[in-house]
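Based on the sequences and whatever the hints tell you, model everything.
Residue numbers (this note's numbering), protein chains in the order written: chain A, 4 to 474; chain B, 4 to 474; chain C, 4 to 474; chain D, 4 to 474.
Hints may contain errors.
In this list, chains with the same sequence are indistinguishable; a pair is considered to hold if it fits within one copy or across any two.
What the hints assert, rightly or not - Subject to a maximum C-alpha distance of 20 Å in a straight line, what follows is the list of computed SDA-like cross-link-like pairs (lysine to any residue):
(1) Lys116 / Asp76
(2) Lys346 / Ala333
(3) Lys370 / Gln232
(4) Lys412 / Glu440
(5) Lys116 / Gln330
(6) Lys412 / Asp451
(7) Lys30 / Arg9
(8) Lys370 / Glu254
(9) Lys30 / Ala10
(10) Lys30 / Leu448
(11) Lys412 / Gly437
(12) Lys116 / Gly329
(13) Lys370 / His255
(14) Lys370 / Ala471
(15) Lys370 / Gly256
(16) Lys116 / Leu66
(17) Lys370 / Pro258
(18) Lys370 / Gln300
(19) Lys370 / Ser472
If you're looking for bench data, these hints aren't it; they were derived computationally from the structure.
4 protein chains.
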Amino acid sequence: MTKVIRAGTITTASETYTADILIEGEKIASIGQNLTPPGAEIIDASGKLVLPGGVDPHAHFDLPMAGTVTADDHYTGLKAAAFGGTTTVLDFTSQDSDDLGAVLDAWHAKAAKAAVDIGVHMNITHFTPEVARQIPHLAERGVTSLKVFTAYNGRLRLGDGDIFQVMRIARESGLLTMVHAENGDAIDILIAEALAAGHTSPEWHALTRPAWGAVEAVLRSSALAAQAQAPLYIVHMNAAGEVDQLAYAREHGLPVMGETCPQYLFFTADHLRRPDGAKWVCSPPVRSAEDNARLWQGLADGAIQTIGTDHCSFFFDGARPILYEGQPVAIPGKELGRDDFTKIPNGLPGVGDRLPILWTYGVRAGKLSANQFVALTSTNPAKIFGLYPRKGSLAPGADADLVIWDPEKRITYGVAHAQHRTDYNLYENWELVGYPEKVFLRGELIVDREQWLGRPGIGRFIPGQPFASIL
Amino acid sequence: MTKVIRAGTITTASETYTADILIEGEKIASIGQNLTPPGAEIIDASGKLVLPGGVDPHAHFDLPMAGTVTADDHYTGLKAAAFGGTTTVLDFTSQDSDDLGAVLDAWHAKAAKAAVDIGVHMNITHFTPEVARQIPHLAERGVTSLKVFTAYNGRLRLGDGDIFQVMRIARESGLLTMVHAENGDAIDILIAEALAAGHTSPEWHALTRPAWGAVEAVLRSSALAAQAQAPLYIVHMNAAGEVDQLAYAREHGLPVMGETCPQYLFFTADHLRRPDGAKWVCSPPVRSAEDNARLWQGLADGAIQTIGTDHCSFFFDGARPILYEGQPVAIPGKELGRDDFTKIPNGLPGVGDRLPILWTYGVRAGKLSANQFVALTSTNPAKIFGLYPRKGSLAPGADADLVIWDPEKRITYGVAHAQHRTDYNLYENWELVGYPEKVFLRGELIVDREQWLGRPGIGRFIPGQPFASIL
Amino acid sequence: MTKVIRAGTITTASETYTADILIEGEKIASIGQNLTPPGAEIIDASGKLVLPGGVDPHAHFDLPMAGTVTADDHYTGLKAAAFGGTTTVLDFTSQDSDDLGAVLDAWHAKAAKAAVDIGVHMNITHFTPEVARQIPHLAERGVTSLKVFTAYNGRLRLGDGDIFQVMRIARESGLLTMVHAENGDAIDILIAEALAAGHTSPEWHALTRPAWGAVEAVLRSSALAAQAQAPLYIVHMNAAGEVDQLAYAREHGLPVMGETCPQYLFFTADHLRRPDGAKWVCSPPVRSAEDNARLWQGLADGAIQTIGTDHCSFFFDGARPILYEGQPVAIPGKELGRDDFTKIPNGLPGVGDRLPILWTYGVRAGKLSANQFVALTSTNPAKIFGLYPRKGSLAPGADADLVIWDPEKRITYGVAHAQHRTDYNLYENWELVGYPEKVFLRGELIVDREQWLGRPGIGRFIPGQPFASIL
Amino acid sequence: MTKVIRAGTITTASETYTADILIEGEKIASIGQNLTPPGAEIIDASGKLVLPGGVDPHAHFDLPMAGTVTADDHYTGLKAAAFGGTTTVLDFTSQDSDDLGAVLDAWHAKAAKAAVDIGVHMNITHFTPEVARQIPHLAERGVTSLKVFTAYNGRLRLGDGDIFQVMRIARESGLLTMVHAENGDAIDILIAEALAAGHTSPEWHALTRPAWGAVEAVLRSSALAAQAQAPLYIVHMNAAGEVDQLAYAREHGLPVMGETCPQYLFFTADHLRRPDGAKWVCSPPVRSAEDNARLWQGLADGAIQTIGTDHCSFFFDGARPILYEGQPVAIPGKELGRDDFTKIPNGLPGVGDRLPILWTYGVRAGKLSANQFVALTSTNPAKIFGLYPRKGSLAPGADADLVIWDPEKRITYGVAHAQHRTDYNLYENWELVGYPEKVFLRGELIVDREQWLGRPGIGRFIPGQPFASIL
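Right, dumping it as structure tokens:
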């Protein structure tokens with residue numbers, strides 16, 4: 004049970020140095036020079052980096068949508084996360100009833116097979132006095148973040164007043180409010196008109212969700228947070244103007260933070276115009292090269308605090324089975340929207356892609372330092388969502404979630420490596436330099452190069468601590 | 004009927020020069036050197052400025068509110084406007100029914116006694132398919148501007164989707180959409196809580212309408228305009244952040260313009276804390292010295308296009324009659340809210356104060372040039388609201404609305420000069436240098452120093468032309 | 004001598020209306036409806052626009068440079084200006100000695116043949132106590148603007164301290180300081196290195212004058228102006244960052260204004276890479292499409308106040324004569340730098356192109372209104388340089404400099420139309436819609452379509468009045 | 004020689020956790036849970052924080068100036084640093100000759116008595132081909148940062164061209180260029196005029212060094228860095244506009260970083276107007292409350308990377324001896340400028356005040372997190388100046404420089420605690436909560452509460468590594 008990760012280059016959100024890491028049971032016991040406890044298993048990491056396991060603040064598993072369900076459940080999706088170096092993922096609940104405890108119970112039942120550690124955000128999509136009464140008790144069950152929507156009228160959206168109330172109850176209860184920022188009213192009108200005009204192709208997914216709606220919703224949410232004196236976290240930022248407004252809010256002292264996702268850094272609406280454009284359909288939509296660039300800049304200069312994935316995987320062609328763990332699997336997917344872009348299940352695979360893609364195209368490309376990479380993909384999400392210092396950290400007392408990262412490993416990436424249970428990958432044939440070699444979850448080796456050593460249920464629910472402070 | 008205004012310094016939005024103005028009937032016939040038509044009445048303006056009559060883009064008369072009615076009707080209020088050098092004012096309708104034609108008929112009945120020329124904006128506070136069908140016909144009746152509200156839930160507010168629809172119908176019909184920008188949801192919650200906590204003083208009017216709500220509503224409205232590809236005009240800008248966001252929108256090419264009012268340039272929430280604080284209660288509220296300064300800067304550098312008044316006068320003490328045209332008058336007013344700030348009728352006198360106050364404290368103070376003064380208070384409003392070149396201009400063919408302005412006239416200003424039918428003035432005892440000497444409406448001398456030469460009904464309805472282009 | 008321009012659409016910096024203009028002698032006598040003085044010559048302008056003659060704030064004639072001289076002198080260049088609708092041009096002196104009076108005498112001798120009216124800026128390139136003593140007397144000779152350089156070390160540049168002193172003396176004397184903003188130090192080093200490395204092509208002209216040097220020089224000059232409490236005018240703005248910094252300075256209340264030129268709106272460094280790239284060599288260099296776009300935006304939103312040309316024409320191939328007024332003319336030109344970009348005479352033709360090009364590609368393209376066009380190219384330069392209201396205005400008492408502009412005239416533009424005395428035009432084969440039809444200088448018709456009715460010396464020196472106020 | 008710091012709350016630039024630190028000799032050997040090596044000395048830190056020793060990037064010792072010398076030499080000043088929790092300080096050389104090696108030799112002779120570890124920046128105040136030849140060899144002697152000045156003409160200033168050249172040589176040689184950013188030209192003129200006008204009081208120190216000169220110099224230096232493609236570090240930022248321009252540069256991808264100092268966060272020019280105003284005379288001067296606020300904001304949102312002190316202490320009254328280590332000491336000081344502000348020695352004590360003052364008024368005041376505090380005052384300076392991971396870090400292998408910080412310790416601060424060898428302290432009578440309890444330098448306890456356990460020469464020269472990357 005005692006292991007020593009020897010002589011790796013330990014890389015945290017602020018530090019880079021070479022040392023040994025002593026793991027005892029599930030925890031990091033110490034970090035030091037020449038640690039040689041008798042009987043310890045020695046894992047040589049010389050010439051490699053040792054990173055805290057990734058913390059993905061934003062993913063969805065086993066989520067019914069659009070007449071089907073996400074391709075990945077809590078086992079397959081989180082196993083893919085592990086292959087990509089991520090050892091903690093935050094999922095979302097659907098508020099299927101106003102009994103939030105029952106909602107959580109149902110979620111736990113589904114999440115029991117988790118392949119890495121997991122936390123959960125509570126969606127608040129129906130705000131009643133009863134719900135208001137229950138929110139302060141969520142922290143007792145380890146849920147310290149709520150998500151609200153300014154889009155999806157009649158389904159997920161709350162009005163501004165309800166959002167304002169949620170923010171204030173959240174603040175009082177040590178919870179962080181997260182917001183999906185788009186203007187649902189304009190979107191619904193544009194969609195109805197597009198369909199009426201016979202516009203059915205995936206490109207219309209983007210055309211009916213204009214960036215300006217996202218931009219104003221960022222400022223609107225931030226302004227509500229200012230008035231509520233409550234912390235706010237903006238999920239999946241995707242437009243240049245959102246970065247402008249987030250920076251404006253922060254420079255004016257508002258308690259706001261932001262997240263972006265790899266898809267918004269690399270892809271544009273042009274991808275939606277491809278024959279297989281449905282693969283890129285997610286909400287909010289991918290936008291323009293100028294948006295990509297501004298988001299990168301926002302990461303580099305500190306305007307944006309985290310990178311999540313919004314993993315929400317579907318098959319591109321759900322009629323054609325793939326082999327997954329030796330079994331044929333086929334789940335209805337993007338083809339459902341062949342004749343109607345609104346019927347395309349919204350979402351992308353990505354939970355496993357995040358770290359390898361960002362390493363090569365962010366760190367090696369000189370856009371981010373290795374420390375920023377760790378901060379954005381692990382430490383900051385852990386801090387923001389109350390998992391720190393247990394997660395997101397390489398420090399004595401922390402969970403021994405860590406990745407031995409081979410900075411010189413070269414692979415041609417794609418669906419074969421990605422391990423998601425779906426039939427495509429957005430980064431197919433991208434050349435990568437730098438890749439996870441070994442992944443440990445609470446001290447246990449669960450990925451060894453291409454080999455999966457974990458099992459369903461090895462992942463554990465990690466309760467969130469109350470929100471501490473704005474990063 | 005032929006008059007010559009001799010040798011005044013003619014001051015327009017861009018020009019300053021000395022010449023004679025020949026008036027024939029209601030129109031300016033020509034402007035030139037040494038105009039000496041036989042039989043003309045000669046009015047010497049040497050040493051004086053000649054300005055186009057002011058155009059106030061924003062005022063309210065004979066408006067029922069809070070269990071009373073505004074102190075000024077279309078005669079008394081517009082007469083006060085005349086004394087202040089303003090010869091055209093734009094009023095608003097209340098959408099009392101979905102028959103917009105009937106709404107206009109009722110408005111015309113009330114406005115028939117107008118003391119200067121008048122136009123009208125149509126409030127859209129209830130958006131139905133029937134209303135949507137009628138809007139395109141408004142231009143036929145000379146109404147080419149609509150106002151919508153993002154506040155006053157359940158009374159005046161439209162949802163974002165309705166606003167978006169209104170903007171698009173307006174654009175198609177040659178109309179301009181105006182927006183009252185605040186966040187109604189947060190306001191309603193804050194007001195309810197304030198009252199529940201026993202906070203009843205006028206200061207709470209400001210505390211329950213935070214600036215951030217106005218700031219986001221400016222960007223939200225601008226974003227809707229961007230998506231609707233429709234022009235937008237933001238009324239009564241009052242907060243520094245609103246100027247930031249208007250500038251941001253315009254620098255990003257959005258079709259947006261903005262208006263501020265004198266009260267937002269000179270007063271702060273400190274005034275609400277005075278014993279007579281109710282005098283300063285208007286919506287949105289007066290804010291801070293920093294907001295004042297940013298608004299001045301926005302006027303100087305061109306971010307803001309117009310200065311209106313939002314004149315909406317009430318008595319401070321409606322129980323104590325005043326003498327008005329020799330008659331005692333008393334109308335319930337601000338005292339209605341003595342025990343509850345929400346019951347204070349919202350609004351201020353100002354239609355007559357605008358030009359004199361801005362001249363001394365804007366132009367003479369070096370914050371605005373005389374040309375900017377004319378542009379902001381006359382030419383730009385006339386252009387934006389389709390009254391140009393008939394109004395807002397000193398040019399042949401234009402209505403002979405003009406002011407002979409004595410730049411050296413010194414008075415100690417206040418309720419006695421202001422001529423509004425109310426018992427107080429916000430600028431009581433302010434020292435002014437520069438004041439209207441003679442005011443002509445379509446060629447007719449209606450104010451001669453302190454003497455009123457006009458009469459009820461001399462003012463005429465001026466139909467607006469379709470919206471032309473963003474300034 | 005009495006003329007009436009009948010029924011044109013008079014277009015000024017702020018007004019647009021239809022009227023007649025009565026010209027008596029050199030002046031506009033009046034503007035009015037149906038002006039019919041007996042014996043007047045009637046010029047029909049119905050369906051046409053009538054604009055104030057253009058005022059070009061920035062041009063160079065008969066200027067020795069790089070071993071040759073500009074292709075245009077004060078007759079040929081200003082005649083071309085007239086064909087393009089410009090009736091007043093501001094030239095620059097070279098400070099060939101410290102006797103500024105003698106410098107002016109020499110300039111007047113050369114400018115005596117001017118084909119339109121002319122003013123002059125005094126370059127201060129050698130600042131001594133004697134020069135400091137003379138500057139306050141310049142206004143007596145009608146010179147109220149000084150230009151200083153932050154580049155061209157050892158030739159034209161003044162140090163920051165001298166610039167600061169010049170600004171303060173200028174302010175005290177009612178003069179406006181203008182600045183050519185680049186970082187001369189970095190440029191000189193980069194040029195020496197480029198030549199040492201054998202880089203001789205025109206592209207290196209841009210590569211050795213980086214935009215960041217211009218950007219900082221704008222803020223540096225503005226900061227000196229702030230400390231000197233003196234007005235400043237930045238010539239030929241060319242980079243996006245310059246607009247950012249000008250806007251920053253103005254939003255912080257600094258007394259700064261800016262000018263750009265058509266070449267910076269339409270061309271990029273790519274043009275320098277063409278085989279005939281030398282045609283586009285001017286200083287500062289043309290830059291990028293992003294810079295073009297930001298400059299347009301700065302014009303539209305009011306950050307930039309004027310558009311000049313920096314006309315400074317050379318032959319492209321000075322060895323091949325052209326026919327000019329029937330005579331073969333050949334003047335050494337751009338070919339001097341065939342083997343060394345530093346030997347290319349710096350400058351472009353443009354004084355005649357400005358209005359036609361900006362009309363089609365600015366006003367008709369929807370980037371500027373016709374009023375903005377007049378403000379930027381006529382009224383604002385006239386105001387800034389003390390020529391207003393004599394120039395830049397269509398008002399009684401003003402010089403009768405005006406253009407009857409045919410908004411529907413279509414031509415394929417180029418060297419044949421442009422009338423500059425050189426062998427190329429930057430806008431060769433550009434399609435134009437809208438063109439001057441008749442041009443009047445102080446009441447005299449000098450251009451009638453393609454016909455030149457003027458003569459050498461018809462242009463007059465117009466003394467500048469003291470600087471009045473920041474626009 | 005083996006020590007264990009037991010159970011402290013270890014606080015680094017990104018992490019906060021509780022663990023033991025094992026020190027072996029001069030180094031941190033390991034950090035872990037329950038470290039109990041036999042024979043180790045146990046120092047209990049439970050309930051306390053353990054911070055990496057402070058790294059002050061900017062101080063001056065034993066520096067002749069204005070006819071006197073700084074009050075602190077490398078022993079007294081660095082001892083005071085130690086009392087304040089700072090264990091590494093970067094001093095500056097004066098370039099007294101063009102033999103940079105000799106300059107360094109002289110510096111080492113003076114610095115040999117250092118009381119904590121020390122590094123050194125090389126001032127380049129005379130740039131010749133010989134100096135250019137020597138700069139690349141500085142790294143061999145552990146000097147990897149150069150400072151240049153845009154002020155102090157004729158003494159310290161380099162021209163822009165020389166700065167550009169220095170930046171490029173620096174970049175090639177792995178060195179970082181630092182800049183003192185003011186406009187020396189304007190300053191010299193203003194000073195001469197102030198003196199000529201008889202303005203001699205300390206206030207004129209600020210009035211003759213206007214903020215706009217500093218603001219433009221930030222952008223100018225950044226622009227030169229952009230053109231040189233070289234990293235830049237702006238010392239002692241003091242004005243709001245400097246933060247704006249640093250943020251602008253960084254958002255545009257320029258390789259620039261910035262430092263501020265406590266005096267610019269807490270004091271304004273009002274302090275110079277006090278009878279003892281000379282105490283606050285430093286260059287650049289303290290400015291306004293608005294500048295203070297913008298600098299705080301820049302620290303909070305990441306625009307600024309470090310906080311140094313620019314410690315450069317003088318006596319306020321050098322005629323009155325103080326007791327220092329039991330001996331009377333009197334060194335001519337601020338009184339030298341009693342009749343002439345230019346003769347006031349420029350500089351303030353502060354090297355020891357930095358951490359305690361910033362803790363109470365930054366961290367406890369909620370303006371900075373404890374992690375930001377460590378980053379700004381220790382880790383970032385160490386990284387930027389090539390001392391990391393040896394300094395600025397609590398990690399195995401790092402020097403065991405650490406502070407046990409008592410977060411609840413309350414003292415009334417002032418000259419008695421500060422330990423600088425001078426007769427005043429800027430923070431006299433400020434109430435502090437949180438203070439260093441024990442300070443270790445390379446494993447050795449040198450400060451134990453109020454007791455000094457170090458000695459002259461215990462400090463060691465720490466060679467800087469080549470500059471790595473922009474933070």
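Here is what the structure says about each hint:
1. For a Cα distance limit of 20 Å, the shortest separation of Lys116 from Asp76 inside one copy, 9 Å, qualifies, whereas the shortest one across copies, 66 Å, does not.
2. In the homo-oligomer, the alpha carbons of Lys346 and Ala333 lie at most 20 Å apart inside one protomer (18 Å), although the nearest pairing across protomers, at 64 Å, exceeds that limit.
3. Taking the shortest Cα distances, Lys370 and Gln232 sit within 20 Å of each other only across copies (16 Å), while inside one copy they are farther apart (34 Å).
4. Proximity of Lys412 to Glu440 under the C-alpha cut-off of 20 Å is restricted to the intra-copy arrangement: shortest distance 9 Å within a copy versus 47 Å between copies.
5. Taking CA atoms no more than 20 Å apart as the test, Lys116 paired with Gln330 passes inside one copy only; the shortest distance there is 18 Å, against 74 Å between copies.
6. Proximity of Lys412 to Asp451 under the C-alpha cut-off of 20 Å is restricted to the intra-copy arrangement: shortest distance 14 Å within a copy versus 50 Å between copies.
7. Both within a single protomer and between protomers do Lys30 and Arg9 lie at most 20 Å apart by alpha-carbon distance, with minima of 16 Å and 19 Å respectively.
8. For the identical chains of this complex, Lys370 and Glu254 are inter-copy neighbours only, at 13 Å across copies versus 23 Å inside a copy, given an alpha-carbon limit of 20 Å.
9. Proximity of Lys30 and Ala10 under a CA criterion of 20 Å is satisfied in both settings, with 18 Å inside one chain copy and 17 Å between copies.
10. Taking CA atoms no more than 20 Å apart as the test, Lys30 paired with Leu448 passes inside one copy only; the shortest distance there is 13 Å, against 31 Å between copies.
11. Only within a single protomer do Lys412 and Gly437 lie at most 20 Å apart by alpha-carbon distance; the minimum there is 5 Å, versus 47 Å between protomers.
12. In this assembly of identical chains, Lys116 and Gly329 lie within 20 Å of each other by CA distance solely inside one copy; the values are 19 Å within and 72 Å between copies.
13. For the identical chains of this complex, Lys370 and His255 are inter-copy neighbours only, at 13 Å across copies versus 26 Å inside a copy, given an alpha-carbon limit of 20 Å.
14. For a Cα distance limit of 20 Å, the shortest separation of Lys370 from Ala471 across copies, 14 Å, qualifies, whereas the shortest one inside one copy, 29 Å, does not.
15. Taking CA atoms no more than 20 Å apart as the test, Lys370 paired with Gly256 passes between copies only; the shortest distance there is 10 Å, against 26 Å inside one copy.
16. For a Cα distance limit of 20 Å, the shortest separation of Lys116 from Leu66 inside one copy, 15 Å, qualifies, whereas the shortest one across copies, 66 Å, does not.
17. In this assembly of identical chains, Lys370 and Pro258 lie within 20 Å of each other by CA distance solely across copies; the values are 12 Å between and 26 Å within a copy.
18. Taking identical chains as interchangeable, the C-alpha atoms of Lys370 and Gln300 lie at most 20 Å apart only when both belong to the same chain, with a minimum of 8 Å there against 25 Å between chains.
19. Taking identical chains as interchangeable, the C-alpha atoms of Lys370 and Ser472 lie at most 20 Å apart only when they sit on different chains, with a minimum of 11 Å there against 27 Å within one chain.
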